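Chains as they are written, first to last, in the numbering used here: chain A, 436 to 923; chain B, 436 to 923.
Source of the hints: derived by calculation from the structure; they are not laboratory data.
Certain hints may be false.
Which copy is meant is left open, so a pair is good if it fits within one copy or across any two.
In silico lysine-lysine, BS3-like type, Cα no more than 27 Å apart, as pairs [said to hold, decoys possible]:
| no. | residue 1 | residue 2 |
| --- | --- | --- |
| 1 | Lys862 | Lys754 |
| 2 | Lys694 | Lys470 |
| 3 | Lys521 | Lys547 |
| 4 | Lys592 | Lys651 |
| 5 | Lys685 | Lys746 |
| 6 | Lys579 | Lys495 |
| 7 | Lys731 | Lys914 |
| 8 | Lys506 | Lys724 |
| 9 | Lys568 | Lys724 |
| 10 | Lys862 | Lys568 |
| 11 | Lys669 | Lys865 |
| 12 | Lys470 | Lys698 |
| 13 | Lys521 | Lys506 |
| 14 | Lys748 | Lys694 |
| 15 | Lys905 | Lys579 |
| 16 | Lys803 | Lys620 |
| 17 | Lys615 | Lys862 |
Please read these numbers as outputs of a predicted model, since none were measured by experiment.
Number of protein chains: 2
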Amino acid sequence: MAGKGSKDPEESKDIGITAKKEEDYGEWFSQIITKAELVEYTDVSGCYVYRPNSFEIWEKVRDFMDYEFRKRGVRNGYFPLFIPEKLLMKEQEHVEGFTPEVAWVTHTGSSKLAERLAVRPTSEIIMYDSYGKWIRSWRDLPLKINQWSNVVRWEFKNPVPFIRSREFLWQEGHNVFASKEEVEKDVLEMLDVYELTYKEMYSVPVIKGYKTDSEKFAGGDYTTTCEVFLPNGKAAQGCTSHNLGQNFAKALDITFLDKDEKKKHVWQDSWGFSTRTIGIMIGMHSDNKGLVLPPKVATVQAVIVPILFDKTKEQVLAKCDELKRGLSDCFSVILDDREEYTPGWKFNDWEMKGVPLRIEVGPKDIEKGQAVTVRRDTGDKEFVKLDNLKDHVQLTLEKIQEELYDNALRMRQENTIDAASMQDLMKAIKDKQLVRTNWCGSEECEALIKDKTNGAKIICIPFDEKPNGKCVHCGKDSKHEVYVAKSY
Amino acid sequence: MAGKGSKDPEESKDIGITAKKEEDYGEWFSQIITKAELVEYTDVSGCYVYRPNSFEIWEKVRDFMDYEFRKRGVRNGYFPLFIPEKLLMKEQEHVEGFTPEVAWVTHTGSSKLAERLAVRPTSEIIMYDSYGKWIRSWRDLPLKINQWSNVVRWEFKNPVPFIRSREFLWQEGHNVFASKEEVEKDVLEMLDVYELTYKEMYSVPVIKGYKTDSEKFAGGDYTTTCEVFLPNGKAAQGCTSHNLGQNFAKALDITFLDKDEKKKHVWQDSWGFSTRTIGIMIGMHSDNKGLVLPPKVATVQAVIVPILFDKTKEQVLAKCDELKRGLSDCFSVILDDREEYTPGWKFNDWEMKGVPLRIEVGPKDIEKGQAVTVRRDTGDKEFVKLDNLKDHVQLTLEKIQEELYDNALRMRQENTIDAASMQDLMKAIKDKQLVRTNWCGSEECEALIKDKTNGAKIICIPFDEKPNGKCVHCGKDSKHEVYVAKSY
């Protein structure tokens with residue numbers, strides 16, 4: 436499980452992260468994801484290996500979300516990877532949004548295909564082609580299907596593992612309703628599941644809002660989003676839930692016979708949450724010693740490190756093993772009994788990998804009937820009576836999960852600036868802050884805000900907006916309160 | 436969740452299967468998988484939609500296997516979909532085995548790629564390219580990684596949903612060891628996990644054995660297999676576990692520094708289990724009324740069908756709801772309280788979908804404090820006191836799971852023929868039986884057996900072989916006992 440060299444004790448000096456998060460975030464991020472053994476680069480730019488240390492996070496998130504989906508009547512299925520070119524072309528806006536990034540299969544074996552096949556960049560078209568065959572009457576609605584899959588978008592922006600990759604993993608949910616009211620409600624309900632997942636699993640607070648028309652999903656009526664503000668001063672679109680209206684229903688002629696015996700087009704939404712979210716979590720919580728994982732996504736929640744001396748070795752190992760067995764009913768705990776490494780080396784190793792809690796046990800601790808626990812996130816050290824260890828671990832893991840969230844929220848609040856003028860806005864963006872301001876609603880002002888800030892965008896119109904005053908750019912009456920930030 | 440038309444009560448006569456399993460297996464299979472809403476066809480030949488009714492089977496199998504994998508130290512990861520052409524070419528036999536079926540990405544957007552990308556037909560090469568970066572010393576071994584993924588093999592044989600599709604879902608495990616002994620042991624251990632999964636989840640008995648050299652995995656030393664004999668007289672390769680020896684290690688130069696300070700090539704295996712297994716299970720147990728599901732893979736294990744009359748409707752529904760809540764702690768139970776369908780229509784509907792147990796409750800049953808249960812597999816009807824219902828359901832589901840296995844095993848045993856001559860062998864194959872016979876080990880005899888039987892193959896050399904007597908084809912001394920059958 437170790438990266439190149441990281442297991443040779445003599446090389447332990449090299450395994451730390453040599454860049455500082457606050458000075459060179461990009462380099463820091465890149466070191467953390469390789470040294471914590473989360474990803475591996477490949478010969479194809481933008482395509483990465485998800486090593487077990489990161490994939491297991493994804494599995495925990497999947498299980499959490501599947502439970503929430505099922506509660507809402509969503510069932511999982513799987514639709515083909517390949518979309519015939521003609522089919523993909525059926526919804527015009529959708530085509531224009533996605534075809535510049537599509538990977539095309541043109542040959543199989545040594546034969547040329549009669550029709551090119553798109554590797555799915557998203558699955559609206561291929562799924563709805565089947566939906567059209569299944570839906571006949573109001574009795575078939577709502578239809579709610581989700582799939583966990585890989586998708587490919589050959590973006591030409593600089594790829595960053597997790598955050599922007601050409602192949603990524605995600606879930607994409609596709610619900611169908613008989614009425615506009617139902618789909619509007621559902622779009623928000625699925626976004627709530629995303630907010631919950633970010634909070635409960637990743638300890639990451641989000642801002643929920645609408646995307647502007649220029650940033651919405653190609654082929655949809657409107658897009659809702661969870662936006663995350665990161666400690667490097669950048670926002671990241673965290674996931675989206677789109678109201679597709681009847682656009683695809685009309686393009687693919689998906690109709691149902693309603694209770695009033697009239698044939699009507701269905702109403703649809705789609706909503707996706709990808710492995711980008713792992714990158715957001717890493718960027719939010721981790722530090723210059725390595726990864727920091729919220730306990731609920733950690734494969735190993737606590738590691739016991741025995742302090743071994745020749746004379747007391749047997750006794751200490753036996754005690755540690757007993758403790759491990761006692762804790763394992765409730766938590767995922769490992770005992771690091773490797774003898775070729777010093778305790779100090781192990782501390783660094785598990786800190787790099789983000790294990791939330793370390794439990795140290797030496798011969799003197801055993802004499803005193805205690806252990807030493809050290810929190811990964813704060814470094815806080817406590818002496819704990821062995822009788823209380825289980826309760827202590829339970830409480831501490833809960834505390835870590837909550838405090839990571841609270842700290843991230845505080846960080847965002849402290850870095851949010853209300854800007855009434857372009858001067859204030861430009862200064863705040865330069866200072867890597869998140870700007871809350873007013874906007875007239877014109878695409879022109881949106882574009883000029885971007886130009887004048889070297890690329891900061893209106894990341895969303897928050898659901899809780901209170902438009903007031905004048906557009907920060909043109910001075911006309913404000914139509915929306917918006918957040919502006921540099922963004923991935 | 437219903438297929439076209441199946442929800443209109445007036446069309447209920449059409450929803451049954453019109454072909455008989457024993458007369459036209461192909462047509463029967465094709466009807467069952469669409470009418471039980473397991474798959475949908477698409478415009479791309481050989482690529483199918485896994486509808487929730489089949490995908491949920493796959494999820495249950497995945498969870499079962501993941502548990503077994505984890506117990507054995509295997510961790511899940513995810514490797515890229517695309518393999519650069521040059522990389523794929525590194526292991527010669529492997530290339531020759533797979534390139535005729537590879538789907539090639541040549542363009543992205545409107546640009547031609549400098550190097551073609553293969554859509555993975557299997558992931559040895561792309562995974563081992565990373566393994567080479569991670570493995571340095573004996574401390575890094577064993578390395579055990581599995582991935583759940585989609586793969587594409589553009590076969591030109593007639594595609595059959597589940598059984599032979601151009602895109603399919605599978606798990607592929609890839610373990611690495613320091614010694615030949617370890618890898619040989621592991622190949623068999625992973626095959627044991629497969630046998631267990633077939634038995635415990637699918638109630639399907641397998642024959643474990645070796646593939647002949649002409650049928651082994653391209654690039655491996657030898658292939659072990661679980662073969663399944665189906666009621667239509669055909670065998671299906673159920674899954675495989677390959678000993679790759681040092682072939683890939685040498686092609687990709689994957690070495691480790693052993694305890695003796697010598698640099699050595701690693702030893703590897705790979706093992707895969709795909710959605711084909713679902714097709715095998717369907718073919719094994721299902722009947723002319725529709726799907727038959729072993730309880731452990733059934734999304735719905737029992738369905739309560741209330742018998743409703745105007746006067747007693749409220750009372751019966753209340754009782755059914757109470758029963759459902761009581762059973763739901765232990766089983767997956769639904770109450771079919773749809774009022775637009777008759778009980779008879781519902782019986783057919785749930786029989787088509789393979790729900791293992793039906794529970795009927797009418798007003799007279801309630802008076803007598805009883806319910807009527809009907810087994811999907813046998814049709815056996817029982818009157819059960821409501822006080823005993825939970826225990827009865829528990830026992831009956833266990834019984835179904837076991838008896839499906841026992842019946843499948845008996846079916847195979849009754850259809851297994853020992854053949855000492857080609858005449859016997861050819862007759863048995865014509866009679867759709869499974870032949871156990873003797874083989875000299877020559878590729879020539881293997882090919883001629885195939886020719887003379889119109890395509891029956893040596894499906895495996897069973898692990899428990901007892902070679903005796905003479906080769907069924909040439910009469911020379913037998914080297915192996917083998918199974919011969921028509922095969923998918």
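Hint-by-hint comparison with the structure:
For the homomeric pair Lys862 and Lys754, neither the shortest alpha-carbon distance inside one copy (58 Å) nor that between copies (68 Å) is at most 27 Å. Taking the shortest alpha-carbon separations for Lys694 and Lys470, only the inter-copy value of 25 Å comes in at or below 27 Å, while the best intra-copy value is 60 Å. With identical chains, the CA atoms of Lys521 and Lys547 are at most 27 Å apart both within one copy (17 Å) and between copies (20 Å). Taking the shortest Cα distances, Lys592 and Lys651 sit within 27 Å of each other inside one copy (19 Å), while across copies they are farther apart (43 Å).
Proximity of Lys685 to Lys746 under the C-alpha cut-off of 27 Å is found in neither arrangement, the shortest distances being 78 Å within a copy and 45 Å between copies. Taking the closest pair of Cα atoms, Lys579 and Lys495 come within 27 Å of each other both inside a single copy (22 Å) and across two copies (20 Å). Taking the shortest Cα distances, Lys731 and Lys914 never come within 27 Å of each other, neither inside one copy (40 Å) nor across copies (56 Å). In the homo-oligomer, the alpha carbons of Lys506 and Lys724 never lie at most 27 Å apart, since the shortest distance is 39 Å inside one protomer and 31 Å across protomers.
In this assembly of identical chains, the alpha carbons of Lys568 and Lys724 lie at most 27 Å apart only when taken from different copies (23 Å versus 54 Å within one copy). Proximity of Lys862 to Lys568 under the C-alpha cut-off of 27 Å is found in neither arrangement, the shortest distances being 55 Å within a copy and 45 Å between copies. In the homo-oligomer, the alpha carbons of Lys669 and Lys865 lie at most 27 Å apart inside one protomer (11 Å), although the nearest pairing across protomers, at 70 Å, exceeds that limit. When the C-alpha separation of Lys470 and Lys698 is checked against a cutoff of 27 Å, the pair qualifies only between copies, where the shortest distance is 25 Å, while the shortest distance within a copy is 58 Å.
Within a single copy, Lys521 and Lys506 get their C-alpha atoms no closer than 36 Å, and across copies no closer than 47 Å, so neither meets the 27 Å cut-off. Taking the shortest alpha-carbon separations for Lys748 and Lys694, only the inter-copy value of 24 Å comes in at or below 27 Å, while the best intra-copy value is 76 Å. In this homomeric assembly, Lys905 and Lys579 never come within 27 Å of each other (Cα to Cα): the closest approach is 42 Å inside a single copy and 60 Å across copies. In this assembly of identical chains, the alpha carbons of Lys803 and Lys620 never lie at most 27 Å apart, being 59 Å within a copy and 46 Å across copies at closest.
For the identical chains of this complex, Lys615 and Lys862 are neighbours neither inside a copy (42 Å) nor across copies (65 Å), given an alpha-carbon limit of 27 Å.
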